[in-house]
Amino acid sequence: MRPLTDEETKSVFEKLSKYIGDKVSALINREDGDYCFRLHNDRVFYASHNVMKQAATIDHDHLASFGTCLGKFTKTKRFRLHVTALDVVAPLAKHKIWLKPGAEQSFLYGNHVLKSGLGRVSENTPQYQGVVVYSMNDTPVGFGVSAKSTQECRRTDPMSTVAFNQADVGLYVRGEDTLI
Amino acid sequence: MGKRDFKTLQEKRPGRKSRKQKDPTEVQTSAKLLSRKSKTRFAKRLAKKRELNSTEERLESGESVNGKSEASRLTHDWVESDDEGEDTALDIEKESSESDESDGELVEEEDGTDRVESFDEDSEPLDDEYTDEPTEPSSKSVSTNLQLGGGTIETSTPDLESLTARIKETMEVLSDFKSRRDPDTPRGDYLDLLAADLANYYNYNTYLIRDVIMEIFPLNELLEFLEANEVDRPVTLRTNTLKTRRRELAQALIGRGVNLDPLGDWTKVGLVVFDSPVPLGATPEYLAGHYVLQGASSLLPVVALAPQEREKVLDACAAPGMKASYIAQLMRNTGVLFANDASKERIRAVLGNLHRLGVSNAVVTNLDARNVHRSNRNFDRVLVDAPCSGTGIIAKDPSVKTSKSQEDILGLAALQKELLLAAIDACDAKSRTGGYVVYSTCSITVEENEWVVDCALRRRDVKLVATGIHFGSPGFTQIRGRRFHPTMNLAKRFYPHKQNMDGFFVAKLKKLSNDKPKAGNKVEEEGDKVGQLNNNNRGEKRKLSEGGEGKKVKSAKKRKGKSGDKLENNKEGNKEVSGDIKSKKRRRKKKKGDKETKEGTDRLKAKLVMKARHFAKKRNAKRKQMKK
Chain A
1 MRPLTDEETK SVFEKLSKYI GDKVSALINR EDGDYCFRLH NDRVFYASHN VMKQAATIDH
61 DHLASFGTCL GKFTKTKRFR LHVTALDVVA PLAKHKIWLK PGAEQSFLYG NHVLKSGLGR
121 VSENTPQYQG VVVYSMNDTP VGFGVSAKST QECRRTDPMS TVAFNQADVG LYVRGEDTLI
Chain B
1 MGKRDFKTLQ EKRPGRKSRK QKDPTEVQTS AKLLSRKSKT RFAKRLAKKR ELNSTEERLE
61 SGESVNGKSE ASRLTHDWVE SDDEGEDTAL DIEKESSESD ESDGELVEEE DGTDRVESFD
121 EDSEPLDDEY TDEPTEPSSK SVSTNLQLGG GTIETSTPDL ESLTARIKET MEVLSDFKSR
181 RDPDTPRGDY LDLLAADLAN YYNYNTYLIR DVIMEIFPLN ELLEFLEANE VDRPVTLRTN
241 TLKTRRRELA QALIGRGVNL DPLGDWTKVG LVVFDSPVPL GATPEYLAGH YVLQGASSLL
301 PVVALAPQER EKVLDACAAP GMKASYIAQL MRNTGVLFAN DASKERIRAV LGNLHRLGVS
361 NAVVTNLDAR NVHRSNRNFD RVLVDAPCSG TGIIAKDPSV KTSKSQEDIL GLAALQKELL
421 LAAIDACDAK SRTGGYVVYS TCSITVEENE WVVDCALRRR DVKLVATGIH FGSPGFTQIR
481 GRRFHPTMNL AKRFYPHKQN MDGFFVAKLK KLSNDKPKAG NKVEEEGDKV GQLNNNNRGE
541 KRKLSEGGEG KKVKSAKKRK GKSGDKLENN KEGNKEVSGD IKSKKRRRKK KKGDKETKEG
601 TDRLKAKLVM KARHFAKKRN AKRKQMKK
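For the protein sequence lines, the chains are A and B, in the order given.
What the first sequence shows, in the numbering used here, is residues 1 to 180, in sequence order.
What the second sequence shows, in the numbering used here, is residues 1 to 628, in sequence order.
Hints may be right or wrong, so weigh each one.
[What the hints assert, rightly or not] Within a straight-line C-alpha distance of at most 27 Å, the following computed DSSO-like cross-link-like pairs (lysine-lysine) qualify:
(1) B:49 / A:72
(2) B:344 / A:72
(3) A:15 / B:243
(4) A:18 / B:243
(5) A:96 / B:243
(6) A:94 / B:243
(7) B:243 / A:100
(8) A:94 / A:72
(9) B:344 / A:75
Don't read these hints as lab results, they were simulated from the structure.
Whenever a hint applies, use it, and build me the whole structure from the sequences.
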């Protein structure tokens, strides 16, 4: 386990700010203590300080995870955000999309969001903006990237995609192996 | 019901239908069993057959079987009576005789007459032979194949009707044994017969029924338990209070068409599901981490553990993470939770579950739980949900019925003892809020439950406390002659047929101090012996008990050395006490020699005990003086 280097920190924060904007500082200074990012086995973990200190007592081969795993660095050093980061990112999300009940299942299977499945979308969402996808009762179900801005969404035909599926909660069942 | 003959009970005749399945060697029996009418028909048919096939049979005469001689005798005596009207046979007689005809062949002489082969020179008259009750049926009877205490019994009947009837009868006899028993048969034989039948009926191996289940349950509960293991327990959920509340979750699920209810007054997070049109493991609420599918009895160890906020808690055998996530939700994501499991593959399940449920205070580790205490010794609470034989979850996993043997269970017991001792060592007795260790298994055997906890009570400074669960059966303080610590009834046992949840055992220990009592206390080792089921696998224990005496000698010596008035020791010229290496070697040699004679060790023991007392007296006297 080690802290992130400057470059790594930059790429992680860039990715996060796609979804939460400038509120990255809110991630670090929270009311219930200081949180930090650490790198372990090419994965970025987000945990409070005391959890991190306790995890530091475990040797490298035997430590599987601590806190929340945000995502991992690929071989080419790009940062990929995993669905496990949903609980951390969702409360701070800047742009949101709500799905109709019928489209929930489709999204959970990994499909993109069509205009016909779109329930609501937050105002002034530009195109290709990172969004957090919710179901109608306000439970976050995944990450996405908007395919069209809010204005365009109103005008397009029902069969066009309005958001690309980046990660969804169905991965806990479909892709258990990708989590570790 | 009058006194019954054990033999008739054992040799209960198989049902009518299974008679059809007899093999050729049993022709004789069925021929014996025929009534006079059918004997006539049988004989006539044979005679006809003989006439038709005389030449062929001459060529194809098969081996002489006992049955043939009987049949030939039959024909000789009865062939004269020729009633046409009696030719109409009953179906059952037709079938049985057909099978006989195909099997039985007469021995033919070349001149066409039958040769009566009388095998028994002092053969009894025909009438006596054809009684209804065969004294020695040729079919295999239970008595010949009964293997005590292991393996499967071969009974002649796969016929469930007769099995159930026999089980019922044996239970009736056993319930009022004095008046209903066969005076020659000991109770053990009846129990063995019952065990064999139950094993056959429910598909268990005999060891499990005879030496595990029948030891734990009285006869009236025995059948209830076995029946309960055939039926699934109700599906239960646990609300994840980190993300939602039980009421809201219930509303959401009812909206999807699920029929559910709160689980009981003992839990605020449990829900029991009666039926569901949607797969509960794939609803959006499940995937969002609002609930988990968890058995009701799995909630109990965590309820007993009662982790508080901002504590440091260890779950030593965490996979798949159901209990660990429950602990985290009770701690409200504060403090630190160590979720450990020795298996790398199963750790993935823990990771997935913890992340899905939004647990952020967990450190997931892949250590052998027997070594955790080497690096971390200051946990406030520890949960050991030890790997076990699974005899409590037979309803979920029927393969346990046939796959567990005594070696398995004792091996698991050894592992569980190590785990519990390590867990106790990892726990901090001086913790402000805690100092508790909860041991739980999903098994009902005494070897894995009370015995393990008893071992921990003797080897560490811990005591049993109430679990905080107000229902359930108490743990055994003594069972079948084996005695455990008297507080063992504070532990709880749960059964499928009583509480309608998977079989479970939960014990809560409070650590009193971080010290370990000195090894080699005589009381401890005896307790080990008493608690043993079987000495075969416990060679280690025997060594301990032998070495225990040697250890005792050492500790007594050490004590003496420490209390050390070295002058006094030297005065007495006691070589054993002085601390230099040479004398240690001599000491060791002496010990080795002493092992050979019990008398020698006894004498030595007595000597040292007296000396220890002597020095202790002197020491105390000195201290008193110093105080004054």
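Hints and how they fare:
no., hint, in the structure
1, B:49 / A:72, "violated (88 Å)"
2, B:344 / A:72, "holds (19 Å)"
3, A:15 / B:243, "holds (25 Å)"
4, A:18 / B:243, "holds (25 Å)"
5, A:96 / B:243, "holds (19 Å)"
6, A:94 / B:243, "holds (21 Å)"
7, B:243 / A:100, "holds (21 Å)"
8, A:94 / A:72, "holds (23 Å)"
9, B:344 / A:75, "holds (23 Å)"
Of the numbered hints given earlier, the model fails hint 1 alone.
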